[in-house]
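Chemist: Below are the chains, spelled out letter by letter.
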Amino acid sequence: MNRAHPITTACRPQEQAAGAAILRLAMLEAKRLLRHPVLLVGAVWGSWYSLWPWLYREPAQPWSTANYSALSLTWAPLYVTTFVVANLAALREGPPTTAELFRCVPTRYTQRTAALLVAGFAPVALTGLLCVTQLALITRAGGVTIGDPPGSGKITPTPAEVALPALIAAMSFAAGVAVARTVRSRLLGAVGGIVGGGLYFTGYWIWARFPTYLVVPNAVAVRRDIAHPHQTLWDAEVPFLYAPTGGPNADYNPNWYALIRDLDGFGWHLVFLSGVTLLLTGYALRRSGYDPRVSWVLSIGAVLVTAGIVFQLVAHGGPFPWWGDVGAI
Amino acid sequence: MIELSEVRKAFRSTVALDGVGVDIGSGVTGLLGPNGAGKTTLLRIVATALAPDTGRVRILGRDAATRSGRLEIRRRLGYLPQDPGFYLGFTAYDFVDYVAILKEITDPITRRREVRRVLDAVGLSDRMHHRLGTFSGGLRRRVALAQTLLGDPHLLVLDEPTVGLDPALRLRFRETLSGIAVEHVVLISTQLTEDVTALCTAVIVIDRGQLLFTGKPDELTALADDRAWQDDTRHAGAFLSWRTGDGRYRHIGDPPPGARTVPATLEDGYLLLVGGRVQNPAQP
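Protein chains in written order, with the working numbering: chain A, 1 to 329; chain L, 1 to 284.
Rather than coming from a laboratory, the hints here were simulated on the basis of the structure. Keep in mind that a hint or two might mislead.
As the list claims (entries may be wrong) - Here's a subset of chain L near chain A, in silico, CB distances under 7 Å, partners left out:
| # | residue |
| --- | --- |
| 1 | 85 |
| 2 | 87 |
| 3 | 102 |
| 4 | 137 |
| 5 | 139 |
This one's a predicted model, so the numbers in the text were calculated from it and none came from an experiment. We treat Cβ as the ideally placed atom computed from N, Cα and C, and that holds for glycine.
Given only the sequences and the hints, what does the whole structure look like? Please build it.
Modeler: Okay, structure coming up:
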């Protein structure tokens with residue numbers, strides 16, 4: 001104890017500083033999130049799947065769109081760990097820890113939740129940074145191969161396609177906080193993250209066959225042209241890339257899928273994901289206490305979700321089977 | 001500065017506070033009472049952690065029943081709960097820094113200086129970057145005390161603040177509180193009557209949710225004047241008897257004729273009051 005240092009120089013808390021407190025708290029939480037070993041494991045694991053294969057050249061692909069489809073799927077470890085660290089951070093404050101102490105500070109529970117949600121930009125930015133790195137590697141490798149000879153070609157992912165993993169990470173983070181504000185269980189959070197991540201991996205293969213494809217996290221801009229589901233290579237009219245219906249080695253099969261790049265629909269899928277993220281954010285805030293501004297967050301989220309679903313359908317050119325394959329590859 | 005009027009709080013069928021009314025001014029006020037008397041409930045209401053069922057609470061001129069009032073009170077409050085809880089993965093510095101932000105001390109330079117100041121005040125300068133998970137109970141208590149001092153609060157509400165502190169630190173802490181209490185309000189709940197004797201300018205005694213005494217420590221001590229005596233043997237008629245370090249017996253209660261009375265202590269007065277053997281003459 002320093003006896004020569006009497007307490008006489010204390011500063012006073014600033015008045016009307018709630019906004020500044022949220023920002024500072026968010027910065028502090030962001031630093032802690034980025035140092036969290038679980039998130040770091042997710043980043044390394046995701047990079048192993050997503051960056052390493054592209055380090056020198058394009059990896060061989062088992063079917064005509066495999067490398068393209070994998071662009072967002074291989075970041076799944078990062079999505080799962082983002083969910084888990086958000087859940088853990090949101091569960092830190094509770095009756096066994098600091099709930100009583102923090103009930104008596106000027107920064108309210110809603111504001112503390114808001115700060116944590118703002119801090120979620122850190123893992124989202126990390127995901128974005130890794131995806132930009134992936135884009136650079138893909139560009140250096142000459143792009144992603146789509147289709148099969150003689151109709152194959154190379155495409156470079158657009159910024160919208162690169163943004164998808166970051167948006168999924170944002171949604172995962174908001175979901176982690178929302179789950180923590182619903183059920184105070186670390187175990188449930190971890191299980192939810194793993195099951196959710198597992199569904200993400202497997203869901204693509206299941207839900208792409210149904211209209212629910214429009215409301216799941218994953219999306220691809222390259223799809224089969226469902227207007228002309230089966231045609232011979234020589235009869236195809238527009239598309240620039242083709243894939244045989246029987247797989248790349250099915251030389252005997254005369255029918256081909258025409259592959260189209262539907263960036264409009266993909267863009268609306270991003271709008272849908274943004275809406276879901278806002279809905280989860282608003283829900284987590286509402287569970288933390290009453291604030292009239294939360295209604296705006298929820299309303300905007302609902303509008304974006306609705307618009308995202310409707311315009312994915314509208315933007316999906318040509319006739320499409322409503323209750324069936326919506327043309328995902 | 002703290003005005004409680006007809007405050008009642010019940011937890012289901014258990015009445016924790018039953019129509020408590022008290023005014024507390026600047027200085028250190030000690031809150032005494034047996035276990036389950038309602039001390040912690042009273043402190044939680046003053047700290048705005050708990051709302052009373054009925055009654056009026058005004059603190060530092062603000063109405064604690066309104067949201068804006070509570071916010072203004074919390075901006076001027078340092079609160080130490082009975083069981084504060086910690087983030088064990090944080091260092092002492094990180095934890096106090098975190099609380100400083102929650103107390104709206106947002107300027108980084110000011111905050112850094114303030115966090116170091118309060119950690120220094122509780123003697124943790126040399127361990128501020130150690131994780132709380134490695135701290136003993138006493139060291140964690142110091143961290144909890146440090147966060148209450150952040151921002152030079154006008155009102156300090158401390159539940160058992162000196163529990164777990166070594167004697168040197170307890171003295172230092174008393175000195176710190178005395179300095180703060182010159183201008184501000186400090187309300188401490190304690191089981192240690194020596195804390196009240198050494199530190200408090202006023203004392204409140206409650207039992208079973210009801211106010212038994214408000215006044216100065218000397219007045220509480222005076223309740224036991226001529227009611228404490230010493231003898232070589234245990235006295236069956238005494239209200240309480242206990243053997244002291246010199247092997248003799250100290251008694252409180254109604255002394256027998258010829259008993260050798262000794263100067264009363266605050267503890268004597270408190271025990272007689274809670275035991276129902278005396279009444280505060282100022283109380284109805």
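Chemist: What hint numbers does the structure not satisfy?
Modeler: 4 and 5
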